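Listed below, chain by chain, are the residues.
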Amino acid sequence: MMSVSNAQETPSIQICRIMRPDDANIVGNVHGGTILKMIEEAGCIIGTRHCNTQSGDRCLAALARVERTDFLHPMFIGEVAHVSAEITYTSKHSVEVQVNVLAENIVTGAKKVTNKATLWYVPISLQNVDKIIEVPPIEYSSPEREEAGKKRYEAQKLERLEDKVRNGEIIMSVSLPDRQTKEPFTVVCSQSSLIHLVGPSDCTLHGFVHGGVTMKLMDEVAGIVAARHCKTNIVTASVDAINFHRKIKKGCVITVSGRMTFTSNKSMEIEVFVDADPLVEAEKGKYRAVTAFFTYISLDKENKPLPVPPLKLEGEEEQKRFEEGKARYLQNKAKRLADKERQQ
Amino acid sequence: MMSVSNAQETPSIQICRIMRPDDANIVGNVHGGTILKMIEEAGCIIGTRHCNTQSGDRCLAALARVERTDFLHPMFIGEVAHVSAEITYTSKHSVEVQVNVLAENIVTGAKKVTNKATLWYVPISLQNVDKIIEVPPIEYSSPEREEAGKKRYEAQKLERLEDKVRNGEIIMSVSLPDRQTKEPFTVVCSQSSLIHLVGPSDCTLHGFVHGGVTMKLMDEVAGIVAARHCKTNIVTASVDAINFHRKIKKGCVITVSGRMTFTSNKSMEIEVFVDADPLVEAEKGKYRAVTAFFTYISLDKENKPLPVPPLKLEGEEEQKRFEEGKARYLQNKAKRLADKERQQ
Amino acid sequence: MMSVSNAQETPSIQICRIMRPDDANIVGNVHGGTILKMIEEAGCIIGTRHCNTQSGDRCLAALARVERTDFLHPMFIGEVAHVSAEITYTSKHSVEVQVNVLAENIVTGAKKVTNKATLWYVPISLQNVDKIIEVPPIEYSSPEREEAGKKRYEAQKLERLEDKVRNGEIIMSVSLPDRQTKEPFTVVCSQSSLIHLVGPSDCTLHGFVHGGVTMKLMDEVAGIVAARHCKTNIVTASVDAINFHRKIKKGCVITVSGRMTFTSNKSMEIEVFVDADPLVEAEKGKYRAVTAFFTYISLDKENKPLPVPPLKLEGEEEQKRFEEGKARYLQNKAKRLADKERQQ
Numbered sequence: 001m002m003s004v005s006n007a008q009e010t011p012s013i014q015i016c017r018i019m020r021p022d023d024a025n026i027v028g029n030v031h032g033g034t035i036l037k038m039i040e041e042a043g044c045i046i047g048t049r050h051c052n053t054q055s056g057d058r059c060l061a062a063l064a065r066v067e068r069t070d071f072l073h074p075m076f077i078g079e080v081a082h083v084s085a086e087i088t089y090t091s092k093h094s095v096e097v098q099v100n101v102l103a104e105n106i107v108t109g110a111k112k113v114t115n116k117a118t119l120w121y122v123p124i125s126l127q128n129v130d131k132i133i134e135v136p137p138i139e140y141s142s143p144e145r146e147e148a149g150k151k152r153y154e155a156q157k158l159e160r161l162e163d164k165v166r167n168g169e170i171i172m173s174v175s176l177p178d179r180q181t182k183e184p185f186t187v188v189c190s191q192s193s194l195i196h197l198v199g200p201s202d203c204t205l206h207g208f209v210h211g212g213v214t215m216k217l218m219d220e221v222a223g224i225v226a227a228r229h230c231k232t233n234i235v236t237a238s239v240d241a242i243n244f245h246r247k248i249k250k251g252c253v254i255t256v257s258g259r260m261t262f263t264s265n266k267s268m269e270i271e272v273f274v275d276a277d278p279l280v281e282a283e284k285g286k287y288r289a290v291t292a293f294f295t296y297i298s299l300d301k302e303n304k305p306l307p308v309p310p311l312k313l314e315g316e317e318e319q320k321r322f323e324e325g326k327a328r329y330l331q332n333k334a335k336r337l338a339d340k341e342r343q344q
Numbered sequence: 001m002m003s004v005s006n007a008q009e010t011p012s013i014q015i016c017r018i019m020r021p022d023d024a025n026i027v028g029n030v031h032g033g034t035i036l037k038m039i040e041e042a043g044c045i046i047g048t049r050h051c052n053t054q055s056g057d058r059c060l061a062a063l064a065r066v067e068r069t070d071f072l073h074p075m076f077i078g079e080v081a082h083v084s085a086e087i088t089y090t091s092k093h094s095v096e097v098q099v100n101v102l103a104e105n106i107v108t109g110a111k112k113v114t115n116k117a118t119l120w121y122v123p124i125s126l127q128n129v130d131k132i133i134e135v136p137p138i139e140y141s142s143p144e145r146e147e148a149g150k151k152r153y154e155a156q157k158l159e160r161l162e163d164k165v166r167n168g169e170i171i172m173s174v175s176l177p178d179r180q181t182k183e184p185f186t187v188v189c190s191q192s193s194l195i196h197l198v199g200p201s202d203c204t205l206h207g208f209v210h211g212g213v214t215m216k217l218m219d220e221v222a223g224i225v226a227a228r229h230c231k232t233n234i235v236t237a238s239v240d241a242i243n244f245h246r247k248i249k250k251g252c253v254i255t256v257s258g259r260m261t262f263t264s265n266k267s268m269e270i271e272v273f274v275d276a277d278p279l280v281e282a283e284k285g286k287y288r289a290v291t292a293f294f295t296y297i298s299l300d301k302e303n304k305p306l307p308v309p310p311l312k313l314e315g316e317e318e319q320k321r322f323e324e325g326k327a328r329y330l331q332n333k334a335k336r337l338a339d340k341e342r343q344q
Numbered sequence: 001m002m003s004v005s006n007a008q009e010t011p012s013i014q015i016c017r018i019m020r021p022d023d024a025n026i027v028g029n030v031h032g033g034t035i036l037k038m039i040e041e042a043g044c045i046i047g048t049r050h051c052n053t054q055s056g057d058r059c060l061a062a063l064a065r066v067e068r069t070d071f072l073h074p075m076f077i078g079e080v081a082h083v084s085a086e087i088t089y090t091s092k093h094s095v096e097v098q099v100n101v102l103a104e105n106i107v108t109g110a111k112k113v114t115n116k117a118t119l120w121y122v123p124i125s126l127q128n129v130d131k132i133i134e135v136p137p138i139e140y141s142s143p144e145r146e147e148a149g150k151k152r153y154e155a156q157k158l159e160r161l162e163d164k165v166r167n168g169e170i171i172m173s174v175s176l177p178d179r180q181t182k183e184p185f186t187v188v189c190s191q192s193s194l195i196h197l198v199g200p201s202d203c204t205l206h207g208f209v210h211g212g213v214t215m216k217l218m219d220e221v222a223g224i225v226a227a228r229h230c231k232t233n234i235v236t237a238s239v240d241a242i243n244f245h246r247k248i249k250k251g252c253v254i255t256v257s258g259r260m261t262f263t264s265n266k267s268m269e270i271e272v273f274v275d276a277d278p279l280v281e282a283e284k285g286k287y288r289a290v291t292a293f294f295t296y297i298s299l300d301k302e303n304k305p306l307p308v309p310p311l312k313l314e315g316e317e318e319q320k321r322f323e324e325g326k327a328r329y330l331q332n333k334a335k336r337l338a339d340k341e342r343q344q
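Protein chains in written order, with the UniProt record's numbering: chain U, 1 to 344; chain W, 1 to 344; chain D, 1 to 344.
So here's chain U without its partners, still in its complex pose:
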């Protein structure tokens, strides 16, 4: 039996919960967004706990970035999701958290790893939300581990600097008559938006929206776009790296918009934008808070991948975005193959 004190001191945590009907789509597949939200909650707990193991300002760990995440298997209603998180690297101002998600069917006993994610957190002072606290260093089991962590840190730092929030037009949800006259399988035909008024339980003690809540909404809109395109049961296959450039405050209205950018034979890429609109402090103006690419696949009744109808492109802009999506697709495919070979 684990003693209470030990369970706390080790820099790891495990969250688990039974999946309920509201966590899933009609077919019973748990939404990728539900899983992303649990992953972020585990990361936030372990990051906040670690950054307060020192004297000085009390702080909360705020999500800065999620590395590309694959959804390896579908999860179902009634299964138990186990989310375990561990701190794997710390720089002066950021914390790397590795998260593993396991789906357990407590009735059949079947277990499968469904996700592995890497998240970066930054500790923000509770007294002054513009102040970033120093992170206490962790101990590494070997110098190689520390070195590898440093490399990951440098790589993501570079990517975050390079990544500018894609500030484009807002994607408008197309109205009924428009959508009906549009040709099927075009971008405009499936593009979608969700609008959400931020509530108390969406927020941290700082009064900022949890990164996980934002990701859940992003996945929801990407799912609508994919379902509109395919008219089948669709599930999240992966999410590209997401950088959280700007925080979203309590009392905002969030608009989450998605449009399809690329289709391969068996997958769809959807670009998602998050715009925050401070309802009351309207002088601050609406701003783009987060952007990301979600990849979805279409499944038949046996959960086998179905072919995806090719995206019909209209205009140069859509053509350009498609080519960029194709480049990302090929790059990820090459990376997956390389990873596989390395493992063999």
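No lab work stands behind these hints, which were simulated from the structure alone.
Here the structure is a predicted model, which is why all the values come from computation and not from measurement.
Some hints here could point you the wrong way.
[Stated by the list, open to error] Straight line, CA to CA, 30 Å or less: simulated DSS-like cross-link-like pairs of lysine-lysine:
(1) W/Lys231 - D/Lys284
(2) D/Lys335 - D/Lys157
(3) U/Lys249 - W/Lys250
(4) W/Lys301 - D/Lys250
(5) D/Lys320 - D/Lys266
(6) D/Lys182 - W/Lys250
(7) W/Lys182 - D/Lys250
(8) D/Lys250 - W/Lys304
(9) W/Lys247 - U/Lys249
(10) W/Lys250 - U/Lys250
(11) D/Lys182 - W/Lys247
(12) U/Lys301 - W/Lys301
(13) W/Lys111 - U/Lys231
(14) W/Lys111 - U/Lys304
(15) D/Lys301 - U/Lys250
(16) W/Lys247 - D/Lys301
(17) U/Lys92 - D/Lys111
(18) D/Lys284 - W/Lys182
(19) W/Lys231 - D/Lys250
(20) W/Lys247 - U/Lys250
(21) D/Lys301 - W/Lys250
(22) D/Lys249 - W/Lys231
(23) W/Lys335 - W/Lys304
(24) D/Lys231 - W/Lys284
(25) W/Lys304 - D/Lys284
(26) U/Lys250 - W/Lys131
(27) W/Lys301 - D/Lys247
(28) D/Lys182 - W/Lys284
(29) W/Lys250 - D/Lys231
(30) U/Lys312 - W/Lys111
(31) W/Lys304 - U/Lys231
(32) W/Lys249 - U/Lys249
(33) U/Lys250 - W/Lys92
(34) D/Lys335 - D/Lys111
(35) D/Lys284 - W/Lys266
[Claimed, not checked] Listed below are several chain D residues computed to face chain W (Cβ distance under 10 Å; list not exhaustive):
(36) Arg20
(37) Asp22
(38) Asn25
(39) His196
(40) Leu197
We treat Cβ as the ideally placed atom computed from N, Cα and C, and that holds for glycine.
Once you have looked at the hints, place chains W and D on chain U.
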């Protein structure tokens, strides 16, 4: 395509969301109350946004009245509800919002208009909840539109003045021996209550219960009354105009009670009362906050209307309420016919 | 780092989650009911998992009984609740689960044990909900442990047989004129009800309400009674043993009623009844599903216990219930003292 900054200035918004299991009854029909809650959320966002486009006190739009609303088609789990709201008239102290709801089956592509609603909001200062702010005027596309809005404004103002909250006895949920010994199809046999402790997510930044939360509970209790009477799948057909005379504060216990007042061949009218009871500030006493009439219909497995068992009346009071319900029923029927003719 | 397979095979589980505004009262104290619900979720997971580690019918563990549970310390919004559950005894048809709850303030690092609970589960076949499955035996670290478990098993079995659901009158929420004309601090002045329509997310895969959902509602109503009596910040101090005699099915309306039975200097005892009413299958009639006693204390702004206004008794019935409550109070007090002495 609209630029980000313009999106703020135009007085319209679109909310959309996938309908989940918790939004619907066992058969999969989305509760009318879920839709009313979304309608009110859209109205609250657009009203609050508009009333803060000026200098001076920051404010929140509080629901004052909802005009009679029809539910034209049932909506189902897995469909996407699109709620679009637009400001159509402003007086010195109130804002009229028109809302359209569209259900989209993203798999079949089928779309149907399910609701059209008109809501009136009043901007309340965040600094002083007893202060009503002046509403910035909107621009009208034509003088006729402004004139028509003014007429609607005057008409509802009159109705609100005339309407007093129906202060009647509290409807008690009937206890076991009573209900069983009661004859079926009597008023007392189906009358029901819900009692709910107001939580943080039910409230605005002011600390008052969202009008939409109240309407959702009202629809829920009306649905229980209707199901107890018919023992079939029942759905909301319409809601009469609702005036929100008194606000309900955080920390209240709300009792929502319903009793059947009238049955036609294919519909039931249910009167709903909302009583607020401040838990801790008990010296303020319980008070009647809102009253309304809901009309329900009974559906078979193909979603076709079923005949409704006639209400068995006991005593003069019930007879009187039945006659009043019949008058409302005939008036609405005549109005619907007139509207139809005008459209042809 | 724990290996994935070991984490699954050991008959223990840990659930944890950040406490949100919706989990707490206005002052920020997490509801006892929120904690009871998490405790039951952990017990259900570990019980279901264990009972399916054999061939034969698949099953779900259904809550049969919760032993008396003390709430040792208040928990607050933003803290992380760690709920760890372990199987400590198995009989032929039942599973004993021990649960510990720890509140961790991830900002200050403070940790405190808030609850220790013992739950009994019975495995019910998924194919036939009237069939109870045999429980696979666990291994004990020593024969003494097995012997002690057997004693606990026999003791609770006896108590369950003795305990009949207290079938009394239904407690009505008193209406405005009544409550105001009633003298303060009487039973009728604070008695309260909640009425809830069971939704999909309240239910197991069997279609029965989770024991934890029922307990959360019970605690909620007990809290309303206590707040009405004291008009202060009140928190759950303990719950007496609860037996779940009858299951509650999807589609029921649940009425949860509470009335004060006893007050000591610093505590209040509230009796809570749960009545289930099948909405559509009304021929089955309303039935009493669960009953329990909750003890509440009143806290000042520094979370120190305040004196409780004495209950004003009216009539012999109330006097009798008060004496019974006093006997339970004195018995528990004596037991606590004995436990303390044994530990010293």
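Now the hints, each set against the structure:
As the CA atoms of lysine 231 of chain W and lysine 284 of chain D are separated by approximately 13 Å, the hinted pair is consistent with the 30 Å bound. About 20 Å separates the Cα atoms of lysine 335 of chain D and lysine 157 of chain D, which keeps this hinted pair within 30 Å; it holds. Proximity of lysine 249 of chain U to lysine 250 of chain W is assessed by CA-CA distance (about 22 Å); at most 30 Å being required, the pair is judged to hold. Taken as a hint, the lysine 301 of chain W and lysine 250 of chain D pair is honoured in the structure, with Cα atoms around 19 Å apart against an allowance of 30 Å.
For the suggested pair lysine 320 of chain D and lysine 266 of chain D, the alpha carbons sit about 21 Å apart, so the restraint of at most 30 Å is met. Of the pairs offered as hints, the one joining lysine 182 of chain D and lysine 250 of chain W holds, with about 25 Å between alpha carbons and a cut-off of 30 Å not exceeded. Taking the CA atoms of lysine 182 of chain W and lysine 250 of chain D, the gap is near 25 Å; set against the 30 Å cutoff, the hint holds. With a C-alpha separation of about 24 Å, the suggested pair lysine 250 of chain D and lysine 304 of chain W falls inside the 30 Å cut-off, and the hint holds.
Distance check on the hinted pair: lysine 247 of chain W and lysine 249 of chain U sit about 26 Å apart at the alpha-carbon level, within 30 Å; holds. The suggested pairing of lysine 250 of chain W with lysine 250 of chain U holds, with an alpha-carbon distance near 18 Å, which does not exceed 30 Å. Proposed proximity of lysine 182 of chain D and lysine 247 of chain W is supported: the alpha carbons are some 26 Å apart, at most 30 Å. Proximity of lysine 301 of chain U to lysine 301 of chain W is assessed by CA-CA distance (about 25 Å); at most 30 Å being required, the pair is judged to hold.
For the given pair, lysine 111 of chain W sits about 14 Å from lysine 231 of chain U by alpha-carbon distance, which is consistent with the 30 Å threshold. Simply put, lysine 111 of chain W and lysine 304 of chain U have alpha-carbon atoms about 28 Å apart, close enough for the 30 Å limit, and the pair holds. Taking the CA atoms of lysine 301 of chain D and lysine 250 of chain U, the gap is about 26 Å. The hint holds against a cut of 30 Å. Using a Cα cut-off of 30 Å, the hinted pair lysine 247 of chain W and lysine 301 of chain D holds, with the two alpha carbons roughly 28 Å apart.
Taken as a hint, the lysine 92 of chain U and lysine 111 of chain D pair is honoured in the structure, with Cα atoms around 27 Å apart against an allowance of 30 Å. Of the supplied pair hints, the one linking lysine 284 of chain D and lysine 182 of chain W holds, its CA atoms being roughly 15 Å apart against a limit of 30 Å. Our distance criterion of 30 Å between C-alpha atoms is met by lysine 231 of chain W and lysine 250 of chain D, whose separation comes to about 15 Å. With a CA separation close to 23 Å, the supplied pair lysine 247 of chain W and lysine 250 of chain U stays within the 30 Å bound.
Between lysine 301 of chain D and lysine 250 of chain W the alpha-carbon distance is near 19 Å, which keeps this suggested pair within the 30 Å criterion. Of the supplied pair hints, the one linking lysine 249 of chain D and lysine 231 of chain W holds, its CA atoms being roughly 16 Å apart against a limit of 30 Å. For the suggested pair lysine 335 of chain W and lysine 304 of chain W, the alpha carbons sit about 23 Å apart, so the restraint of at most 30 Å is met. In summary, the hint linking lysine 231 of chain D to lysine 284 of chain W is supported, as the alpha carbons are separated by about 12 Å, within the 30 Å threshold.
The straight-line distance between the Cα atoms of lysine 304 of chain W and lysine 284 of chain D is roughly 27 Å, inside the 30 Å bound, and the hint therefore holds. With a C-alpha separation of about 23 Å, the suggested pairing of lysine 250 of chain U with lysine 131 of chain W holds against the 30 Å cut-off. Taking the CA atoms of lysine 301 of chain W and lysine 247 of chain D, the gap is near 28 Å; set against the 30 Å cutoff, the hint holds. Restraint check for lysine 182 of chain D and lysine 284 of chain W: satisfied, since their Cα atoms lie roughly 15 Å apart, inside the 30 Å limit.
Of the pairs offered as hints, the one joining lysine 250 of chain W and lysine 231 of chain D holds, with about 15 Å between alpha carbons and a cut-off of 30 Å not exceeded. Under the criterion of a C-alpha separation no larger than 30 Å, the hint pairing lysine 312 of chain U with lysine 111 of chain W is consistent with the structure, at around 22 Å. A distance of roughly 26 Å separates the Cα atoms of lysine 304 of chain W and lysine 231 of chain U; the hinted pair therefore holds under the 30 Å criterion. Between lysine 249 of chain W and lysine 249 of chain U, the direct Cα distance comes to roughly 24 Å. Compliance with the 30 Å bound is thereby established for this hinted pair.
Between the alpha carbons of lysine 250 of chain U and lysine 92 of chain W the distance comes to roughly 29 Å, so the proposed pair stays at or under 30 Å and holds. Between lysine 335 of chain D and lysine 111 of chain D the CA atoms are separated by roughly 26 Å; this keeps the pair inside 30 Å, and the hint holds. Distance restraint check for lysine 284 of chain D and lysine 266 of chain W: the Cα-Cα separation of roughly 26 Å lies within the 30 Å cut-off, and the hinted pair is therefore satisfied. Restraint check, arginine 20 of chain D versus chain W: the minimum CB separation of about 8 Å is within 10 Å; hint holds.
Given the 10 Å rule on beta carbons, the hint for aspartate 22 of chain D holds: about 5 Å separates it from the nearest Cβ of chain W. Because the smallest distance between the Cβ of asparagine 25 of chain D and any Cβ of chain W comes to about 8 Å, under 10 Å, the interface hint for this residue holds. Below 10 Å, beta-carbon pairs count as interface contacts, and histidine 196 of chain D has one with chain W at about 7 Å; its hint therefore holds. Interface restraint check for leucine 197 of chain D: the shortest CB-CB distance to chain W comes to about 6 Å, inside 10 Å, so the restraint holds.
Violated hints for the displayed structure: none, as all numbered hints are satisfied.
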